[in-house]
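There are 2 protein chains.
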Amino acid sequence: MIAASRMPKRGFTPAEFEQRLARAQQIMHRHELDALFVTAPPNIRYFTGFDSQFWESPTRPWFVVVPREGKPIAVIPEIGAPEMALTWVDDIRTWPAPVPEDDGLSLLRSALEGLPRRFGRVGAELGREMSLRMPVVDFLRLRDSMRLEIADGSPALWEIRMVKTAAEIEHIHFICTIASEAYEALPSQLSIGESEREATRKLRIDIARRGADSTPFMPAISGPGGVPQIVCGPHDRIPEEGDILFIDTGSTFDGYFCDFDRNYAIGRISSEAARAHEAMWLATEAGIGAAVPGATTDDVWRAMGKIIEEAGPIGNNVGRLGHGLGLQLTEPPSHRPGDGTVIVENMVLTIEPGMEYAPGKMIVHEENVAITKDGARLLTKRAPREMPVIR
Amino acid sequence: MIAASRMPKRGFTPAEFEQRLARAQQIMHRHELDALFVTAPPNIRYFTGFDSQFWESPTRPWFVVVPREGKPIAVIPEIGAPEMALTWVDDIRTWPAPVPEDDGLSLLRSALEGLPRRFGRVGAELGREMSLRMPVVDFLRLRDSMRLEIADGSPALWEIRMVKTAAEIEHIHFICTIASEAYEALPSQLSIGESEREATRKLRIDIARRGADSTPFMPAISGPGGVPQIVCGPHDRIPEEGDILFIDTGSTFDGYFCDFDRNYAIGRISSEAARAHEAMWLATEAGIGAAVPGATTDDVWRAMGKIIEEAGPIGNNVGRLGHGLGLQLTEPPSHRPGDGTVIVENMVLTIEPGMEYAPGKMIVHEENVAITKDGARLLTKRAPREMPVIR
Chain L
1 MIAASRMPKR GFTPAEFEQR LARAQQIMHR HELDALFVTA PPNIRYFTGF DSQFWESPTR
61 PWFVVVPREG KPIAVIPEIG APEMALTWVD DIRTWPAPVP EDDGLSLLRS ALEGLPRRFG
121 RVGAELGREM SLRMPVVDFL RLRDSMRLEI ADGSPALWEI RMVKTAAEIE HIHFICTIAS
181 EAYEALPSQL SIGESEREAT RKLRIDIARR GADSTPFMPA ISGPGGVPQI VCGPHDRIPE
241 EGDILFIDTG STFDGYFCDF DRNYAIGRIS SEAARAHEAM WLATEAGIGA AVPGATTDDV
301 WRAMGKIIEE AGPIGNNVGR LGHGLGLQLT EPPSHRPGDG TVIVENMVLT IEPGMEYAPG
361 KMIVHEENVA ITKDGARLLT KRAPREMPVI R
Chain C
392 MIAASRMPKR GFTPAEFEQR LARAQQIMHR HELDALFVTA PPNIRYFTGF DSQFWESPTR
452 PWFVVVPREG KPIAVIPEIG APEMALTWVD DIRTWPAPVP EDDGLSLLRS ALEGLPRRFG
512 RVGAELGREM SLRMPVVDFL RLRDSMRLEI ADGSPALWEI RMVKTAAEIE HIHFICTIAS
572 EAYEALPSQL SIGESEREAT RKLRIDIARR GADSTPFMPA ISGPGGVPQI VCGPHDRIPE
632 EGDILFIDTG STFDGYFCDF DRNYAIGRIS SEAARAHEAM WLATEAGIGA AVPGATTDDV
692 WRAMGKIIEE AGPIGNNVGR LGHGLGLQLT EPPSHRPGDG TVIVENMVLT IEPGMEYAPG
752 KMIVHEENVA ITKDGARLLT KRAPREMPVI R
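As given, the protein sequences belong to chains L and C, one line each in that order.
Residue numbers for the first sequence follow our numbering, so the first one is 1 and each next one is one higher.
Residue numbers for the second sequence follow our numbering, so the first one is 392 and each next one is one higher.
Honestly, the hints are just simulated from the structure, not real lab data.
The C-beta atom is built at its ideal place from N, Cα and C for all residues, glycine as well.
Okay, the calculated bits of chain L under chain C, using three or more residues with CB under 8 Å as the criterion: (1) 56-62; (2) 78-89; (3) 117-130; (4) 136-143; (5) 226-238.
All chains, full assembly: derive it from the sequences and hints.
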C-alpha cells in the first residue's frame with residue numbers, strides 16, 4: 001500500500017542544512033541580529049533536523065541558538081541528547097530537566113552571551129503566527145538579565161522559512177499525493193449511513209497506510225447543501241441524502257504538512273449547492289493562475305474574490321483565502337487584502353476560496369501549490385470539477 | 392472492533408462544567424485573581440468543552456476569560472463561533488481573524504476590564520509547564536495597556552486541573568484500556584524483520600480502530616538489551632534477535648490522554664536485560680503502592696528509587712519517575728525530589744521508573760493510575776512481569 005517508490009528519502013543532507021543556515025545568516029545580518037534563538041518544534045527542526053514527538057509534552061523547554069556565524073548550538077534537556085547527537089549539530093549543551101528553578105535559562109544565557117557581538121541584538125519567536133514554547137516568566141527573567149537586547153525575530157524567521165528548498169517541496173508533494181489518493185478512494189470505502197466520525201476514522205487509517213506519519217488535523221462536518229463551519233468536528237452526525245460532507249486534512253510526512261479539503265455529495269445535492277461548488281472550483285482555478293512570481297498575496301486574493309463575488313456570497317468567516325504551509329499546517333503569508341507579500345519562486349501556498357451562499361451553507365475548496373518561475377505547480381491532485389458522490 | 396459498549400459518552404454535561412467552574416472560582420479567590428484568561432487548547436477545553444483540531448494552526452489566537460463570578464466568556468476568531476455556540480458558553484465575542492494589527496487584543500482587554508474588580512489582578516498562563524498561545528509582543532502590549540495587573544495564573548490553573556472529575560477519569564480509563572489491548576495484541580501482528588516504523592504504524596492503526604481519536608505521541612526505539620533514549624523515533628531500524636523494542640504512546644479519546652510504554656523482547660534477550668526488566672517491574676509495583684492520598688510525589692519517587700538503586704543503575708536521563716496527565720500528555724506534578732506535591736484523591740498520575748543498567752541500555756516501565764481514598768487504581772492493564780516476545 002505504501003508508495004515506497006515515490007517516497008522521498010527521510011531527513012535532509014548536511015549540505016541542505018548548510019544551505020539553509022547560510023541563507024538564514026544572510027537574512028539575520030540584514031535584520032541586524034547576532035543570533036536567533038528558537039523554542040518551537042518547527043523552528044528547531046528546520047535548523048537541526050531533530051525530530052521528536054516528545055514535544056507533545058510541554059514540561060521541558062528546548063532551545064536552539066542560530067548564530068550569525070557558525071553552526072547551531074542545541075541547549076536541550078538531557079533526555080534529548082542521544083538523539084540530537086545523531087544530527088549535524090556538534091555543540092549540544094544539556095541540563096537534567098525538569099528543573100523548575102533553572103530550566104535551561106542560565107545555560108541559554110551563556111550560549112547567547114558567548115557569541116561574537118556585532119549588533120547587540122538576538123531575535124526570538126515573539127511575533128506573528130508564532131508562540132514562544134517556554135514559560136513567559138522565564139522569558140522575561142532571561143530578557144531582563146541579559147546584556148543583549150532580545151528583539152522580535154519572527155520577521156526574519158518567516159523570511160527564512162517562507163521560501164522552501166527543493167527537498168522540502170518534495171516532502172510536501174509526497175504527503176499531498178498520498179492524501180489526494182486517499183481522498184479519491186474514500187467514496188469506495190464509505191456508504192450512506194456512516195457518521196462523520198466513521199468517515200474520518202477510515203480516511204485517517206487509509207492515509208496512515210499510504211505512508212503518512214501522522215494526521216494532526218482532520219476536521220469533518222456535514223450539512224444540507226453546505227456546512228456551517230470548517231474547523232471543528234467530526235461529530236457523530238450521520239450525513240443524509242442531499243448533504244455535503246466536508247473533510248479537511250493536515251497530515252504529515254517527515255515533519256511536512258499537506259493542508260487541503262475535499263467535498264463529497266451524499267446522494268444527490270441541490271442545484272444551488274452544485275452551482276456554488278462549481279463557482280468555488282473556478283475560483284480555485286483563478287487563484288492557481290494568479291499565484292505567479294511577482295504577484296502579491298493581495299492579487300491572489302483578488303483573483304479568487306472576483307469569482308466568489310459573482311457567485312453571490314452572503315459571507316465567509318475564514319478571514320482569508322489561503323496561506324503558506326510547510327513544517328506547520330499554516331504559515332505566512334495570507335491571501336487577504338493588505339497582506340502585501342510578494343510571491344517568489346519556491347513558496348508553497350494553499351489556494352482556498354470559500355463562501356457562505358445561504359445561511360449556514362458554506363462551500364470551501366482548497367489545493368496546495370509550489371511556485372515555480374512559470375507559475376503555480378499543483379502538489380495536490382486537483383479536485384474533480386463534479387463533486388464525488390457517496391452512495 | 393471499537394469497544395462501543397465501554398466507550399464513555401463524549402463531552403461533559405453542563406452540570407460538570409458548572410462544578411469545574413465553581414471549584415475553579417474558589418481557587419481563583421484564594422489566589423486573589425479577579426479572572427483567569429487562557430489561550431492554550433487544554434485550558435480552553437477544560438472550561439468550555441470546546442474542541443478543535445484547528446488549534447494545529449498557530450495563525451489565530453483564541454482566548455477564554457474565566458471570571459471570579461459568572462460564566463466563561465469566549466473571545467475567539469469568527470471562524471470558531473458557530474461551534475462555540477454549541478457549548479455551554481453564552482457570551483461569545485468574535486473578530487474576523489487574522490487581523491495582524493489587532494488580533495483580538497482590544498476585544499480581550501475590554502472583556503477583562505469589564506469584569507467586577509476586587510483584587511485588581513488577572514491570571515495568565517505564564518508559568519510552569521505552560522506556554523502562552525499568542526505572540527509575546529501582543530501579550531506585552533496587552534499587559535502594558537491594561538489597568539489590571541496580569542499575574543502568573545499557572546499555580547491556580549494547575550491546582551484546578553491537577554484533580555480530575557469522575558467523568559474525566561472515565562475518559563482517561565477508556566483510552567488507557569484500548570491502548571493496553573492494542574499493546575497486548577502487537578506480538579500477534581508483528582514479526583522479526585519488521586522495522587520500528589512498521590511496528591508503530593501497525594500499533595497506531597490498531598489503536599485508531601479500537602476507538603482512539605488521535606495518537607500525537609508514539610516514539611519507538613530498539614536496541615540490544617535496552618535503548619539509548621525513550622523520546623525519539625521510530626526510525627527505519629529493524630530490531631534484531633536479543634533487542635528490546637520500546638514503544639510509548641500518548642493516544643487520546645475526546646481530548647484525554649493515556650501515557651504509558653511497553654517493552655518487547657525480540658526473540659531471546661540476555662539475562663542481564665531480563666534482570667533489569669524485572670527490577671523495573673518491581674519498582675513500578677512500589678510506585679503504585681506509594682501513590683496514596685497524603686503521600687508526596689517525593690515519597691513516590693523515593694519508593695521507586697530504592698528498588699532502582701538496588702538494581703545498580705548507571706544513569707537515568709529522564710529527570711523524574713512519573714508525572715500527572717489528563718488533557719495533556721504530561722502535567723504537574725512530577726515524581727522527583729523536591730517536587731513536594733501532596734497526592735490527593737482523583738489525581739491521575741503516571742508511575743514511570745527507569746534506569747540505564749549498562750551504557751546505552753535503558754529500560755523504562757510506565758503505568759497510569761487514578762488516586763482513590765484507598766490508594767492507586769490502575770487505569771492501564773498492568774504490563775506482564777515477563778516481557779512479551781516478538782518472534
